[in-house]
Each structure stands twice: as C-alpha cells, then as structure tokens.
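Each chain, written out:
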Amino acid sequence: MVTFEAVSKVFADGTEAVKELDLDVGEGEFVVLIGPSGCGKTTSLKMINRLEECTSGRICVNGRDIRSVDPVQLRRGIGYVIQEIALWPHMSVAENIGIVPRLLGWHSGRIDARVDELLALAGLDPAKFRHRLPDQLSGGQKQRIGVLRALAADPPVVLMDEPFGALDPITRDVLQSELKELNKSLRKTIVFVTHDMDEALKLADRVVLMRQGKIEQMGSPEEIQNAPANDFVRSFIGEDRLASISPESSLETLLHDPFLRVTPGEDPRDVLERMEDDGLETAQVVDARGNWVGMLYLPVLKRTLRNRGTLREAVRRNRKLVLEEAVMRDAAEMLADMDLSIPVVNRENEFLGVVTSGSLARLAIGRLSRSRKEENA
Amino acid sequence: MFPPERTFWELFVTYVSGNWPRILALTGQHVMISGIAICITLLICIPLGIVLTKREKLASVVIGVANVFQTIPSLALLGFLIFVFGIGNDNAICALVLYAVLPVLQNTYTGLRNVSPVMIQAARGMGMTETQILLKVQLPLARSVIIAGIRVATVWVIGTATLASAIGGGGLGKLIFAGLGALRQEVVLAGALPATVLALLADQGLKMLQNHFEPRRRALRLARKYAAEESVREEKDVPGEEMVRHEM
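Order-wise, the sequence lines are chains A and B. The first sequence begins at 1026 in the working numbering and counts up one residue at a time. The second sequence begins at 5 in the working numbering and counts up one residue at a time.
Since the hints were derived computationally from the structure, they do not count as laboratory data. It should be emphasised that the depicted structure is a prediction, and the values quoted were computed from it without experimental measurement. All C-beta atoms, glycine included, are put in the ideal place defined by N, C-alpha and C. Please note: incorrect hints may appear among the correct ones.
Partial selection, computed: residues in chain B whose CB lies under 8 Å from chain A [claimed, not checked]:
1. Phe73
2. Gln125
3. Ala126
4. Arg128
5. Met130
6. Leu145
7. Ala206
8. Gly209
9. Leu213
10. Asn215
Taking lysine-lysine and the BS3-like style, the derived pairs with C-alpha atoms no more than 30 Å apart in a straight line are [what the hints assert, rightly or not]:
11. A:Lys1345 / A:Lys1205
12. A:Lys1209 / A:Lys1345
13. A:Lys1153 / B:Lys58
14. A:Lys1227 / A:Lys1345
15. A:Lys1167 / A:Lys1239
16. A:Lys1153 / A:Lys1239
17. B:Lys140 / B:Lys58
18. A:Lys1167 / B:Lys140
19. A:Lys1209 / A:Lys1227
20. A:Lys1153 / B:Lys229
21. A:Lys1044 / A:Lys1345
22. A:Lys1167 / B:Lys61
So here's chain A without its partners, still in its complex pose (with noise of 0.2 Å):
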C-alpha cells in the first residue's frame, strides 16, 4: 500500500535524515515507526503525503509514484493526524471533521450525515458535540476528534504523528486501545510514528525501529521483544521493556514447570505425602502424552483419600487458563483471589505450565533491574 524505495532526505542544512530507506507497508497493516528523536521517523512519514519531499528514492501510496500525484490531491487522499491535534479553534467539531469531505466537493447533506456517523463511532453523541467548539473539550475528546476528521474521507492510508503524546498516561492508554478496536473494523493501512516503545508494542502489526535514517530492526512485537537484532535494539527495548507489560501481555512469559506433577496412575497416599513433605498446596495431573488431567488440592486430596476414594475423584478441572485466550490480567485476578498455582493449557489441552504469584513478582523485578545489567555488560 505504501513502499519506500530506497529513500533518502537530505535536508537543505545537509543533514541526512533518512537514508535509503526500504519498507514496504502492506494494506490493512498498522506499521509503527520508532526511535530516539533525530532518527528520522517523522520525516519518513511527511514524505509520504509530501509535507517533505524525498531527495532521492521512491514512493509509492497505493501504487503510483507519489511524485507523478498533485501534492494537494494526493493529502486529500490520505489520513493525517499530527501530534498538537491542531483542531482549528474557530471550526466547531463538525467543520473540522468534514473538512475534508468539503474539500473533495461532497454536498452538505452527505458531509452533515458523514460527520454523526463518525462521532457516534467514537462513541461522542452527534447532538451534544456536533457544534462544539475545539477548547470545550477535554484534550481527550479534541484528539479523538482529530482522528476522525483523518478518516472523514475514508482514506484508505492514514499517518497519524504521535497523536496521543500530550495525551495523559490514562487517556491515552484508553485511546490506544479505541484506535487498535476501532481499526479492526476499519482495516486501514496505517503508519504511526511514536517514541514510546509501550505504544509501538501495543498498537503495531509491526515495528519499525530506526537510528540516524536507518532501519536498525523490523518485525512483529514478539520478534522485536524475543530476538533483539543488535545491542542498541536491545537497549532501547531494555528502557522500556518493563512499562511494556502490559495487562493484555500473553502469559507465555510466565510460564514455568509445577513444583509437583504426577501421572493419573500414581498411589494417592505417596502423592499426599510428598505434598506434606514439600509443603505444597496443589500438584498438577498430566497423562503420558502430555495432556493436562486435573489438578490437586491438598484439602480436597486429604477428604478423598478419607472416604478411600481414588486419584482420579481428587481431581479438579475447574481452575485453569487457556494460553490462547487468556491475558496477564486474566491470571493476575484469578491469583488475586486464590493464591495457589494457575495451571495453563492450550486449545488442545496439552499442558503447558503454571502460573503463580512468584512467577509475576519475578517478572516485574526482572524488567526493573534489565537495564542495569546491561549497562554493566
């Protein structure tokens, strides 16, 4: 949808901001591009709607060289949200959103209609805010409203400049989350510049982290995360790396083997014991090829093992999170409520691990102390 070839801006002080440059954005995706200020994110992004022109290279938006398109025309084509919002504070809100629109010439009765259709999207009732004016609203309203008047068009391509950055940590977290929700409907193809690594990792399909005009590292979250490409990669995820668990984080980090795990066939009355002896409360139940059978309380182990019951009667299903669906907040509430071993499976029922309340204390100090030794190192 959006492909840089080789691209590169000099500027007329003779910095080189970018240099040749090669990314291929794909449609529908949400590509973040990242880094330290000066590293030429921003001026990658304005060269796509020509706010910069590139000095040399290619770029294409949908196609077409974005050189042989009228820079006008071309903008209007494009979604843009910049960072101060930069409302026009003597349009009310439905001026700014369809301004746009009364650019490419829609009558004011699809403009009008275009407009409610957006603020009830975003959750703002039409009635209340259509005539409003930019400074009487919150600073969360007004950059909510600044991404719509970016979709009024419906764009396909949408470059929104770190548009939550003077947004407070709560808002914008909320924001981040409306932005990520509400494109799953829209399937925009969107390029986000940020310097925060939490909001590259929560929003992006994929991330683009980039040094003095170069691309250092590109890939998935989890790849950025798991396989830093180089030491500079891995410093600046490192800074960041503990604000980035966040509540929706996959539990995979947590994961680590039971203190106690038995097969179906073993003798309850040894079971017990090794339990009293190690001081555990649970134990988990896994069958030979590995699938996952019940766990074991040890009060619900001691009542059966009284009425002579088997095994497999102490068994309990009822406690247990599926890798797939299942978020750090999920296993963080369940421990908040009972402090005992959370047992993880997949969709297929193999087991996997467990999760305890040791394992997300161990996690938080990891990340906090992450950085240190990699300074010393």
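Given chain A, work out where chain B should sit, using these hints.
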C-alpha cells in the same frame, strides 16, 4: 440696543436649528472623506500585509516606513502634501491613508504571523491549497487582530479628518475652524459633537463586527440554524420514526 444676554446652550440650539442642513451636509462629507480613506487603506494594507508575511526582510522595511508617517504631526503632513496634491479633499484623503496604514498593516501582518504554524501544517496536510489555507485558516484566525487594527485606524481617521478643512477640504472641521475664527463656541461644538459621535459609532460598529466573528457566538448561531433545519426535517418525517432513531 444689544440683544438680551443668552446662555451658551441657547446659542447652540439656535445655531443648530438654523443650520442643521449645513451640519448634516458637512457630516456627510466627513463620513465620505473618512470612508474613502479607510477603504483605500484596507485595499492597500490587507493584501500588502499578506504579502509581507511571505517576505520577512521586506516586512521590516515597509513597516518601518509606515511608522515614520505615523510620527509626522498630522497638520505638518497635510502641509507637506500640499506640494504633491495641492489644496482640497484629495490631499486630505491621502494624508489620512498614510496615517491609517500603520495600524492596519501592522495588525494584518502580526495577526497572520501569530497563527500557529501547526494550524497551517494541519491544513496543508489535509490537502488545502495555499489560497484555501489563507482564506479558511489564516485570515479567520487573524481576523479579530486585523479588525482591532481597523478600529484604531478608523477612530484616528475620523478624528484627524477634522483637519482637512485646514487645507481647503470639507468635513466637520470647517465648522470647528470657522467657530474658532469667529470666537463662537457654539459653532465649534456643532462641528466637534457630530465628529465625536461618528468616531464612537464607528468604534462600536467595528466592535460588534469583531464580536460577530467570535467563535463561540458563531458556534451558537450554527447550532441554532442546524436545530431549525432539523425541526423542519422532522416535521416531514413519518410520526414514530423519530422514536426508532433514538433507540438506535
């Protein structure tokens, strides 16, 4: 026999009731001279101000020159201009324009310059042409500053226009100078009062214009207009449809 002693106010009323057609005619002249001067000023200064925002170096020179005209005493300026335009209204109008240039030019330039570059970049990024950026973003955002400059200029021009008669021009200055010459204060007042009222009215009128464009008032007007259109639309709708819409 001397006529009986009369108070100043009696003299004034007598003068005005006997000469009101002349006072009205001179007021008309006064409005015309000032109006033409202001119109010429706007025609020169607003486009010039816009051009200057794109040429920084030229701007300081032009505004410097305008500043010089501002510092020349008004009567002296009229005197100088006799060499160029001779005696009469042309000369007066030209002097008034030179006077009015600075506030209008300066405010147009400053008003446009103070529009945040971010607003302009947003407009450009949305696909506005340079002309659209000027008309839809820059000028509306600079409007209240520009009108403030026009207000200042208008009040000055109306006041200074009374000096036009000193160089053979018309306007209310004629009454003032005639009254001063004949030591008749009631005649001076008959010229000074309408000139003052004109200045106050012009000031208030432009203030109302300024308020008219104030975003909040404009937004309220828009909302009212939209509500009126909405109610017309709803009347056409089949009853009951409205309820369905609300549930959605």
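Index of numbered hints that the structure contradicts, given in increasing order: 1, 7, 8, 9, 10, 13, 15, 16, 21, 22
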